[in-house]
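Once you know that position 210 of the sequence shown is 415 in the numbering used here, the rest is easy, because the numbers rise by one and skip nothing.
Hints may be right or wrong, so weigh each one.
What the hints assert, rightly or not - Calculated cross-link-like contacts (lysine-lysine; reagent style DSBU-like; alpha-carbon spacing at most 30 Å):
| hint | residue 1 | residue 2 |
| --- | --- | --- |
| 1 | Lys225 | Lys271 |
| 2 | Lys469 | Lys452 |
| 3 | Lys466 | Lys314 |
| 4 | Lys214 | Lys442 |
| 5 | Lys214 | Lys226 |
| 6 | Lys393 | Lys271 |
| 7 | Lys226 | Lys381 |
| 8 | Lys442 | Lys314 |
| 9 | Lys473 | Lys412 |
| 10 | Lys442 | Lys469 |
| 11 | Lys466 | Lys381 |
| 12 | Lys393 | Lys412 |
| 13 | Lys226 | Lys393 |
| 14 | Lys271 | Lys315 |
| 15 | Lys226 | Lys412 |
| 16 | Lys473 | Lys315 |
| 17 | Lys271 | Lys214 |
| 18 | Lys226 | Lys315 |
| 19 | Lys442 | Lys225 |
| 20 | Lys214 | Lys452 |
| 21 | Lys466 | Lys412 |
| 22 | Lys225 | Lys473 |
| 23 | Lys412 | Lys442 |
| 24 | Lys469 | Lys381 |
| 25 | Lys469 | Lys412 |
| 26 | Lys473 | Lys452 |
| 27 | Lys315 | Lys469 |
| 28 | Lys225 | Lys466 |
| 29 | Lys225 | Lys314 |
| 30 | Lys226 | Lys314 |
| 31 | Lys469 | Lys393 |
| 32 | Lys412 | Lys214 |
| 33 | Lys226 | Lys469 |
It should be emphasised that the hints constitute simulated quantities derived from the structure, not laboratory data.
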Amino acid sequence: MTINVDFYKRHNLNIIGSGKKIILFIHGFASSQQTWQWITPAFERTHTLILVDLVGSGNSDLQAYKEERYSSLMGHADDLIALCDALELQEITIFGHSVGGTIGLLLAKKRPDLVQQVIMIGASPRYLNDLPSYHGGFEREDVAQILEMMELNYVGWASHLSSVALPASEGESQTKYVEASFLSSNPKVTYQFLEMTLLVDYRDILKEVTTDTVIIQCSDDSFVPIEVAEYMVNEIKGSTLHILSSKGHYPHVSNPEETVKAIKLSLK
Numbered sequence: 206m207t208i209n210v211d212f213y214k215r216h217n218l219n220i221i222g223s224g225k226k227i228i229l230f231i232h233g234f235a236s237s238q239q240t241w242q243w244i245t246p247a248f249e250r251t252h253t254l255i256l257v258d259l260v261g262s263g264n265s266d267l268q269a270y271k272e273e274r275y276s277s278l279m280g281h282a283d284d285l286i287a288l289c290d291a292l293e294l295q296e297i298t299i300f301g302h303s304v305g306g307t308i309g310l311l312l313a314k315k316r317p318d319l320v321q322q323v324i325m326i327g328a329s330p331r332y333l334n335d336l337p338s339y340h341g342g343f344e345r346e347d348v349a350q351i352l353e354m355m356e357l358n359y360v361g362w363a364s365h366l367s368s369v370a371l372p373a374s375e376g377e378s379q380t381k382y383v384e385a386s387f388l389s390s391n392p393k394v395t396y397q398f399l400e401m402t403l404l405v406d407y408r409d410i411l412k413e414v415t416t417d418t419v420i421i422q423c424s425d426d427s428f429v430p431i432e433v434a435e436y437m438v439n440e441i442k443g444s445t446l447h448i449l450s451s452k453g454h455y456p457h458v459s460n461p462e463e464t465v466k467a468i469k470l471s472l473k
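Could you put the whole structure together from the sequences, leaning on the hints where they help?
Structure follows, in structure tokens:
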């Protein structure tokens with residue numbers, strides 16, 4: 206693989222492993238490629254792994270962040286399409302966590318020739334409720350309160366939201382890891398990313414996805430109710446749903462063994 210050095214800087218690109226099959230990892234909100242550190246060892250011998258930080262996250266090039274471009278998730282999907290084309294990749298598998306899973310779906314919809322399979326962990330096409338037909342988990346008032354807390358007290362927001370995302374009952378050190386990830390993120394970019402994420406609505410694309418799709422969902426996730434996973438598996442033709450015993454929104458952090466097992470069972 207040959208690639209322009211700018212891609213390495215832009216996405217803090219790391220390529221590991223030596224297998225013929227390719228896996229592109231897409232992290233979630235206020236996170237980075239480091240969140241996959243408990244997952245990648247299980248696949249390094251069998252796959253080539255493409256690890257990236259989305260622009261504005263992790264150790265990506267913050268100078269590349271443009272608010273207008275990333276006012277929708279499609280900006281990130283287009284970034285990854287450009288990266289994959291530069292690497293001359295074909296028939297890749299995408300592992301996407303949370304909003305990273307949604308980005309993976311957008312990528313697959315736009316370039317089905319590029320993606321063989323999308324495996325999503327805790328993803329959602331719509332976080333807001335649209336009752337009675339759709340239960341996304343949040344009311345607009347909830348979103349307003351979260352964003353207000355973030356503006357007034359970023360440290361307090363990070364502590365509160367991390368404990369909601371991954372309860373201490375799933376492992377106190379793992380909850381602290383998520384909190385540290387939130388705290389290390391650029392507050393301005395993180396606010397814009399969160400506001401956009403919580404207000405997106407990509408339900409209309411689900412029926413148009415033709416790529417093999419696997420939905421992995423925790424049994425109890427405060428961010429993404431089980432109803433969302435059930436909705437997606439009904440909307441995406443031929444998709445499958447795998448429910449974990451793990452609780453919280455970060456099973457790849459709190460229970461990597463169960464997550465790896467689910468992924469291996471799902472891989473084509």
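Okay, the hints, checked on the actual structure:
{"no.": "1", "hint": "Lys225 x Lys271", "result": "violated, 34 Å"}
{"no.": "2", "hint": "Lys469 x Lys452", "result": "holds, 20 Å"}
{"no.": "3", "hint": "Lys466 x Lys314", "result": "holds, 27 Å"}
{"no.": "4", "hint": "Lys214 x Lys442", "result": "violated, 37 Å"}
{"no.": "5", "hint": "Lys214 x Lys226", "result": "holds, 24 Å"}
{"no.": "6", "hint": "Lys393 x Lys271", "result": "holds, 12 Å"}
{"no.": "7", "hint": "Lys226 x Lys381", "result": "violated, 34 Å"}
{"no.": "8", "hint": "Lys442 x Lys314", "result": "holds, 13 Å"}
{"no.": "9", "hint": "Lys473 x Lys412", "result": "holds, 21 Å"}
{"no.": "10", "hint": "Lys442 x Lys469", "result": "holds, 21 Å"}
{"no.": "11", "hint": "Lys466 x Lys381", "result": "holds, 24 Å"}
{"no.": "12", "hint": "Lys393 x Lys412", "result": "violated, 34 Å"}
{"no.": "13", "hint": "Lys226 x Lys393", "result": "violated, 37 Å"}
{"no.": "14", "hint": "Lys271 x Lys315", "result": "holds, 22 Å"}
{"no.": "15", "hint": "Lys226 x Lys412", "result": "holds, 27 Å"}
{"no.": "16", "hint": "Lys473 x Lys315", "result": "holds, 21 Å"}
{"no.": "17", "hint": "Lys271 x Lys214", "result": "holds, 16 Å"}
{"no.": "18", "hint": "Lys226 x Lys315", "result": "holds, 21 Å"}
{"no.": "19", "hint": "Lys442 x Lys225", "result": "holds, 28 Å"}
{"no.": "20", "hint": "Lys214 x Lys452", "result": "violated, 35 Å"}
{"no.": "21", "hint": "Lys466 x Lys412", "result": "holds, 28 Å"}
{"no.": "22", "hint": "Lys225 x Lys473", "result": "holds, 13 Å"}
{"no.": "23", "hint": "Lys412 x Lys442", "result": "holds, 7 Å"}
{"no.": "24", "hint": "Lys469 x Lys381", "result": "holds, 28 Å"}
{"no.": "25", "hint": "Lys469 x Lys412", "result": "holds, 25 Å"}
{"no.": "26", "hint": "Lys473 x Lys452", "result": "holds, 26 Å"}
{"no.": "27", "hint": "Lys315 x Lys469", "result": "holds, 26 Å"}
{"no.": "28", "hint": "Lys225 x Lys466", "result": "holds, 21 Å"}
{"no.": "29", "hint": "Lys225 x Lys314", "result": "holds, 24 Å"}
{"no.": "30", "hint": "Lys226 x Lys314", "result": "holds, 20 Å"}
{"no.": "31", "hint": "Lys469 x Lys393", "result": "violated, 37 Å"}
{"no.": "32", "hint": "Lys412 x Lys214", "result": "violated, 36 Å"}
{"no.": "33", "hint": "Lys226 x Lys469", "result": "holds, 13 Å"}
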